[in-house]
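Undergrad: Using the hints, put the two standalone chains together into the complex.
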Amino acid sequence: MGINGKSYIVGIYEHPCRVALDKTLPQLHAEIAKGALADAGLSKDDVDGYFCAGDAPGLGPINMIEYMGLNNVRHMDSTETGGSSYIVHVNHAAQAIAAGHCNVALITLAGRPVADAKEGKPVRYYNQQAPDFPFEMPYGPNVTNMYAMCAMRHMYEYGTTSEQLAWIKVAASHHAQYNEHARLRDVVTVEDVVNSPMIADPLHRLDCCVITDGGGGIVMVSPEVAKSLKRTRVKVLGAGEAPKHLAAGQVDLTYSGARWSGPKAFAEAGVTTADIKYASIYDSFTITVLETLEDLGFCKKGEGGKFVSDGNLISGVGKLPFNTDGGGLCNNHPGNRGGMTKVLEAVRQVRGEAHPKVQVRNCDIALAHGTGGLLGSRMGSATVILGNEDA
Amino acid sequence: MSTDQKNKINLVVNSESKPYWEGAAKGQLLIRTCNACGKAHYYPRTICPHCFSEDTAFVEASGSGVIYSYSVTRQAKPPYVIAYVKLDEGVSMLTNIVDCEIDKISIGQKVKVKFNKAEDGYALPVFTSA
Ligand SMILES: [Zn+2]
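Chain order of the listed sequences is A and B.
Numbering-wise (the numbering used here), the first sequence opens with residue 1 and increments by one.
Numbering-wise (the numbering used here), the second sequence opens with residue 1 and increments by one.
None of these hints come from the bench; they were simulated from the model.
There may be inaccurate statements among the hints.
To be verified - Chain A is nowhere near these chain B residues, computed Cβ spacing over 12 Å in every case:
1. Asn35
2. Lys39
3. Ser62
Said to hold, decoys possible - Pairs of lysine-lysine residues, derived as BS3-like cross-links and limited to a Cα-Cα distance of at most 27 Å, are as follows:
4. A:Lys264 / A:Lys230
5. A:Lys319 / A:Lys230
6. B:Lys18 / B:Lys112
7. A:Lys306 / A:Lys277
8. A:Lys6 / A:Lys230
9. B:Lys77 / A:Lys121
10. B:Lys117 / A:Lys301
11. B:Lys86 / B:Lys117
12. B:Lys86 / B:Lys104
13. A:Lys121 / B:Lys8
14. B:Lys77 / A:Lys118
15. A:Lys277 / A:Lys357
As the list claims (entries may be wrong) - Label-pair restraints from in silico Cβ distances:
16. B:Asp55 / A:Lys319: 50 to 58 Å
17. B:Cys100 / A:Thr161: 22 to 30 Å
18. A:Glu157 / B:Ser53: 49 to 57 Å
19. A:Ala130 / B:Cys51: 20 to 28 Å
20. A:Glu157 / B:Thr46: 28 to 36 Å
We put the beta carbon where it would ideally sit given N, CA and C, even for glycine.
The shape of chain B in the complex, shown without the other chains (with noise of 0.2 Å):
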């Protein structure tokens, strides 16, 4: 499953993530803070992981972060590239390094999001060279 693909991504709408990816189909990558105890977490859900608080909302965070970690899975056609992604604000994210020279990644590189489209309107964040 590689992002560089020409078909469409099918992704998996809930009542949990389906604001995620409208607000992705609106160039904004979200993230889900508490606002009983202030943290971030990632993936978003409706109930906070820190202190189990409902009072949970989408912020929008900024874009930015950097590698953690990365690898090339060399046996798909073609190849993709599979990272975590520290965001500035804290969390980290699974997603996908687009748009670059494979063998130039780096953990530590900074990077900043992108969206690609997919099925009936939605987009999918992956980042690419900051």
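So that you can see chain A by itself, here it is in the shape it has in the complex (with noise of 0.2 Å):
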């Protein structure tokens, strides 16, 4: 069953703290429910259907069910698949409201490592019975230098450089500084970023995300409820997801699940590349942004560092507008997890609500594009495409 034009987003929100040393993770998705559902017009009682990740306490969904009191909860789906997750949930509810299984779906994210970090509990928890943990932890291996391994080989076969990636940042910068609650708001050039200190090479401090607490939240309907709301509201027009593993050991660092994830959200939407007014780019890492344009098309393989250099990703300046609220390499990465925001800022540009430096004109069109886990290794990817009710 296809999903194209069988749901809305209605409501979203993205909590404005960065550092929620006053706040239980609980509380932080029932701040974000709310705030979610007050900006669709609905309340806690429509909810039907209820989605959350690894990052919501206890068995997920049940235990924050039961805190937020949601009564009518009918369908519920806790895809886990890191920083992506999110975007798949789009995808499920998107499926389950066309199926029938729900008619208002809540989905919910948040975080607090910043203050789990200054309260002194443990920062990373990794499953011991993972299948690959014994072959790897001894190594050594971490978020940063792992998606550094993908930046080095990309630049060995095609001749990437780290001047190219900081393009990615100084973007990201550049529309930082209009939005109140990012966490970084000053304007960078290439310069500042390569000179930056080198955390595992050839990653820069900024190349690196933020690290953030808070989270976010959204609201999809049914064309019926859609309709009965006074909220603008953007269709759902396609979606992919897809895995990506290390293939018994068949190991190729320089693309992303965006190349089976991509086409599928193209294809379900009827639409391509040179349709996308703006898009929301999973940016945990700059090489995460460069290999990701790659795979969903937007350039060929190997020419991401072309496409992204002189200002190319930022609104008003360049071809592709990408992450105009900073994204989370200067706004915002709440819980580790940067696929939610993504999707929040796409629906803004969609509705005309992004902030006036840096929306885009005519912004009928937009995907979003979600990676979990570790990018090339193993790994989720899930894009989404957007659009307005004449998309």
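TA: In structure tokens form, the structure reads like this:
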């Protein structure tokens, strides 16, 4: 069953906090749910579908449904693909609404890694029973050095440079200056990025995203419910999701699962890259954006460096405005999971409610893409294409 | 976490990993191959990820390969090199490059296995310049 036109995003909320010392994790989820439902003009009793990922404590949906008092839920989904989970959830909610399993779907993400660290709580839990764990953990892999190896190989195969990667941060910073909630609001230059301290070769500190607390939420509804609401509705046109893994040892770090999730989403939406006026691209690191843009077909494989250079991703300047909220690189990466905020800014753009300095004119079709896990190696990719009522 | 560190390495020993660590302790780099489809895979599994056959076995690899990609974790004390090494047998493995001048490491460089001592008499395969 296709999903094109069968559901709408009618409510969004991005928690304004970036450090949540005074809030519990469930509380953040509930504040976000309240904010997203208020934006839609709906109440908690309207919610009959609930979606959350591994950031939700306890048994995920069970504990959160109880805590929030969601008494009418008849459809639950706790698909966990890391930071891309929430874009997968948009896809699954669209499928569930199209199939009649629910009419009002609520998706929430919350996290407090900054507060947890300040409180001395364990930074990251990794399941020792994961099959890869015994053979990989002794070598000291972490998020940064694993993404760095993708960048290193991309540079080797295609001649991509640190300066080209830096342009991605530069573009994000140009947008973040207008976002009062952004964690980093200073505009940076290519020189600032390449002269920032090396974290894991070839990634510098400014090639990395921010670490923040907070989160976000989405309310999706059936066309019938959407028509009964006053809010500008954003149509879900198409979506795709794909795992990518190490393929029994046939390692290729130069591409991501976007190679498969993208075409599915484009086919279902019936559009091409030329129709996309705005793109939210997962930006845990600059290299994440570069490989994803190639894999989605915005440029040829290997030409991402050239594509992102000279401000091509800056709204009002380049051909493909991206992450106009400042993205994970500058604005917000709540709970180390950036998929949610990617959808939120794409919705703002289609609604025409992005900051006036970064709003894309006539933004009838937008794309949001998520990367979960480790780029190129063991990951979950998810793409969604959104449009206005006429799209 | 660095393999250059003085403290011995604690490995996760379970029924699928134990023979691998025992091999390493004897100076052997083991990879798992499948007698049904003839293909090798990494990391080692009981059931072949290519054809789902249970007829798999450890065989000794040559211990030679080339660096597919690498990164230096600069913030660690001391900095360490993580890498994917593509073995001559065709599979790639996550590992560390050790006993090398860090700034002279390159993709495509030939490397050979060596073994770092771990707790309980086991050893961890790492790589150095061939
Ligand atoms: Zn087989």
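Undergrad: Under the criterion that the straight-line Cα-Cα distance not exceed 27 Å, is the pair Lys77 of chain B, Lys121 of chain A satisfied?
TA: holds (23 Å)
Undergrad: Below or equal to 27 Å on CA atoms is what counts here, so check Lys319 of chain A against Lys230 of chain A.
TA: violated (33 Å)
Undergrad: Verify the proposed pairing of Lys306 of chain A with Lys277 of chain A, using a straight-line Cα cut of 27 Å.
TA: holds (19 Å)
Undergrad: Compute the least Cβ-Cβ separation between Asn35 of chain B and chain A, then decide whether it is above 12 Å.
TA: Non-interface label on Asn35 of chain B holds, nearest chain A Cβ at 16 Å vs cutoff 12 Å.
Undergrad: CA of Lys77 of chain B to CA of Lys118 of chain A, is that 27 Å or under?
TA: holds (22 Å)
Undergrad: Please work out if Lys117 of chain B and Lys301 of chain A have their alpha carbons no farther apart than 27 Å.
TA: violated (42 Å)
Undergrad: Between the alpha carbons of Lys86 of chain B and Lys104 of chain B, is the straight-line distance 27 Å or under?
TA: At roughly 19 Å apart (the allowed maximum being 27 Å), Lys104 of chain B and Lys86 of chain B satisfy the hint.
Undergrad: Quick one: are Cys100 of chain B and Thr161 of chain A within 22 to 30 Å, going by C-beta?
TA: At 25 Å between Cβs, range holds.
Undergrad: For the pair we were handed, Lys121 of chain A and Lys8 of chain B, check the Cα-Cα distance against 27 Å.
TA: holds (26 Å)
Undergrad: Is the Cα-Cα distance between Lys277 of chain A and Lys357 of chain A 27 Å or less?
TA: Distance of about 16 Å is within 27 Å: holds.
Undergrad: Between the alpha carbons of Lys6 of chain A and Lys230 of chain A, is the straight-line distance 27 Å or under?
TA: OK: Lys6 of chain A and Lys230 of chain A at ~18 Å, within 27 Å.
Undergrad: Are the Cα positions of Lys264 of chain A and Lys230 of chain A separated by 27 Å at most?
TA: It is violated: about 31 Å lies between the C-alpha atoms, which goes past 27 Å.
Against the hints set out earlier in the document, violations occur for numbers 2, 4, 5, 10, 18.
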